[in-house]
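Novice: These are the residues of each chain, in order.
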Amino acid sequence: MTDKTDLTVEPGAGTPTSRAARPSTEPIPEVKLTGARWWREVGWRHLVGLVAVLFALFPVVYIISAAFNPLGTVVATGLIPTAFSLENFDKLLTDPGRPYLRWLGNTLLVALVVTVVQVFCSALAAYAFSRFRFWGRRGGLLTLLLIQLFPQFLAAIAIFSMFTTIGEVIPRLGLNTLAAYTLVLFGGALGQVWLIKGFFDSVPKDLDEAAVMDGAGHATVFFKIILPLVRPILAVTGLLAFVGAFNEFLLASIFLRGERVKTVAVGLYGLIDQDRSNNLGVFAAGALITAIPVVVLFQYLQRFIAGGITAGAVKG
Amino acid sequence: MATTTPTRPAAQGPDPHPTPVRRAGTTTALIAKVLGLGLVLGLAIAISPTLIGQSRWGFLAIVWAIAVLALATYAGRRALPAKYILPGTLLLLLFVIYPVVMTAKASTTNFGDGTRQSKEETIAQIVASSVVQSPDAPRYTMTVATEGSVTEGPFTLFLVSQQDQSLYKGTVDGLEPIAAGDVTVTNNAVTAAPGYTILTPQQVNAANATIKDLAVPTETGAIRPLGIRQAFEGTTTLRYDEATDTITDTRDGTQYTPVTSGDREFFTSADGRRVSDQSWLANVGLDNYQRALTDSTIRQDFIRIFIWTVLFATLSVGTTFLVGLLLATTLNDSRMKGQRLYRSLLLLPYAMPGFISLLVWSGFFNKDFGLINSLTGLDIGWFTSTFWARTAVVLTNLWMGFPYMFIVCTGALQAIPSDLKEAAAIDGASGFTQFRKITFPLLLVTVAPLLVASFAFNFNNFNAIALLTEGAPFAPDNPEAGGTDILISYTIRLAFGAGGAQLGFASAISVLLFVLTGVIAAIQFRATRTLEDVN
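Residue numbers (our numbering), protein chains in the order written: chain Y, 1052 to 1367; chain H, 43 to 577.
Any given hint could be a false lead.
[To be verified] Simulated pairs of lysine-lysine, PhoX-like, Cα-Cα distance not exceeding 25 Å: (1) H:Lys75 <-> H:Lys125; (2) H:Lys463 <-> H:Lys379; (3) H:Lys211 <-> H:Lys161; (4) Y:Lys1275 <-> Y:Lys1256; (5) H:Lys161 <-> H:Lys75; (6) H:Lys75 <-> Y:Lys1275; (7) H:Lys161 <-> Y:Lys1275; (8) H:Lys125 <-> Y:Lys1256.
[As the list claims (entries may be wrong)] Simulated coverage check for chain H against chain Y, where a stretch passes if three residues somewhere in it have a Cβ under 8 Å from a Cβ of chain Y: (9) 187-200; (10) 203-213.
Please keep in mind that the hints were generated in silico from the structure rather than gathered at the bench.
The C-beta atom is built at its ideal place from N, Cα and C for all residues, glycine as well.
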């Protein structure tokens, strides 16, 4: 890793994240342990690890097994797959009564738009809080921290009434539309300010000052100099925002009732709730397709996640 | 991320060509500024006629306040910080702060099913629905349309007079004439109207329960549907007198006056008959709070649910932290092979979308076919006993949450300087003493704020209950509060559940929940001492 990564990924030396982001895998030269001693000092750790992995994985194995089980019922599904067929996927994707791909598309669309808006608005505000000194700065930062602790859905009732009214004026922004739902999730636009500000603070101010000397305006400094330097943290906050929107269920279940506007969370819930025993296979197939991109994203960004969450974000 | 090299002017010294950069930046900024402001102003102008038409002055004021604020911030060269803070702040104010204020406001009303409308609207509807058809009543050819959903409305009736072919548009708010050019008329019936979806006869039939009770108030009476293609204009038998606040039935002279029943009023006659079961939105002061804290059933529910909410959040944090810490200390050993693989695999429950995990686990606890009973040979009715349902909730949350604690603890462990442990080892401390006296206290310093944050998250973890047990088990006589309900799932059921929307009361519970969350937030601030670190 170059020193650039050091500058950007880690908010500063001495914080616990600095090593977490870079797990030390280089083997320390040691005497090779054998037999009983190996077992006493290292072997049992593998046993614990193995038990933990089994516990972590069995539901995942069950989903895979159910997804490929042609019978698709709870009774016929166990941990170990007994048969292999793509029938459930076929049923999932071809039944016009449940537009699964549309649900998935809706979720991806909403989550992507929300992620872009949230990261962009948060980065903008974080820049102001990090670089400018102005009246209300400290109060604003504290207010943001406080507000983050109150989940938006505590006000679900008022949000519901609010969009009933908006819908009477602008039907395209009423309840039961993706646009309204997305707009509501924009409420979290400043959710990542603290995390991003921490990283902006770690970018030396000399960089901005040098650029200003060269004739760059504040916008140029922000877009051309600071943003590129903090890309890793933008990726982490983006992931957190994306997963938050992807997993959102409460507001979606209140807002999105029509089959074609549902998100995948509401859609899959309806599917399994309708007939818990017979829809299992189709549900599992849908769950598998839904989960894969998110899991892959997580694995890809794994090394940044430890640093990101220790710096204060909680997955929604 | 590593492929692009950021520009590093500091290392290069003065840029020999500063001017082109600057000009490019300014032009882009100017274009963005003009486009953005134009868009905001355009939207505000476009929406204003509708708002004025519907007399929504508050809405109009908010729209223009935003537009003016945007202009004031971005048009000039001053207020630099505001330029960066405004977009997010506006969204926060509109979709978080404003709803919170409105929740507090709704908590002092009887808002809910049957009380969504104002008193005036309710009276107009009661009077309009008393229409009777006289033999010579004017008839209209009716077309049902909607600007919303074809199943739920709101519905608009397009009417063509069968006497003189004049055109009208009628809603519950009243009747207005429309020009012939505004809609398409085929065979004396409206067949298309811009902005509206015309319902097919099948759709009209499907929504008939709502449509047949529609009454469009007119000067002398009201227009009501007659079948699915016709409407008639009749005279009303009820009259409302504002001065005495009385509805009088003109046929027999019965007088109905508002009588309070529970949290709402109904027009009731002297002998106790109601003219209609419709009530209206009214201010009830602090009655909802009083009800939550004094009504014996509700108070018992509330206290029981509150205790379980705290217990649930504590157990969730406790079990996940314990397991995560145990795994982190066990697997954080440089002599172990495959640490990276372990981490990747153990991350899976955290990476899985939460709603999927919860729905899958919900199936595991099925008594007859669920995986848990069949793997362990037990025969537990997980969701029929409060104790087992709560166990199921905690177990599921453990599975979903331990990887998070594992990652966090691993990170914290790796940050503890190894010389500390070595020094302790030289002083003769055993492995466990080292852990208890050195590692654990140091780890706790890092992790404590996250534990409190995790507690706050679980305190309002709606999904963990709603998608797993849906609050079950319920006592047969109490469908409102289940054994595993936490405060937020209880509130949402009160507001949107099948038992009828009690939005005002649920808002009051929301406000109480806000207060409780605030208390946790205060504790969290204290724990993290973030207040002191702000700079």
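Novice: Against each hint, give a clear statement of whether it holds in the structure.
Specialist: Outcome of the hint check:
Note on H:Lys75 and H:Lys125: the hinted pairing holds, with a Cα-Cα distance of about 11 Å set against a maximum of 25 Å. At most 25 Å may separate the alpha-carbon atoms for a hinted pair to count; H:Lys463 and H:Lys379 meet this at roughly 22 Å. Annotation: proposed proximity of H:Lys211 to H:Lys161 holds, straight-line Cα distance about 24 Å (limit 25 Å). Using a Cα cut-off of 25 Å, the hinted pair Y:Lys1275 and Y:Lys1256 holds, with the two alpha carbons roughly 14 Å apart.
With a C-alpha separation of about 46 Å, the suggested pair H:Lys161 and H:Lys75 falls outside the 25 Å cut-off, and the hint is violated. Proximity of H:Lys75 to Y:Lys1275 is assessed by CA-CA distance (about 18 Å); at most 25 Å being required, the pair is judged to hold. For the hint pairing H:Lys161 with Y:Lys1275, the CA-to-CA distance comes to about 58 Å; that exceeds 25 Å, so the pair is violated. Distance restraint check for H:Lys125 and Y:Lys1256: the Cα-Cα separation of roughly 20 Å lies within the 25 Å cut-off, and the hinted pair is therefore satisfied.
Counting residues of the stretch 187-200 of chain H whose C-beta lies closer than 8 Å to any C-beta of chain Y gives 4; at least three are required, and the coverage claim holds. With a cut-off of 8 Å between beta carbons, the stretch 203-213 of chain H has 0 residues touching chain Y; three or more are needed, and the interface restraint is violated.
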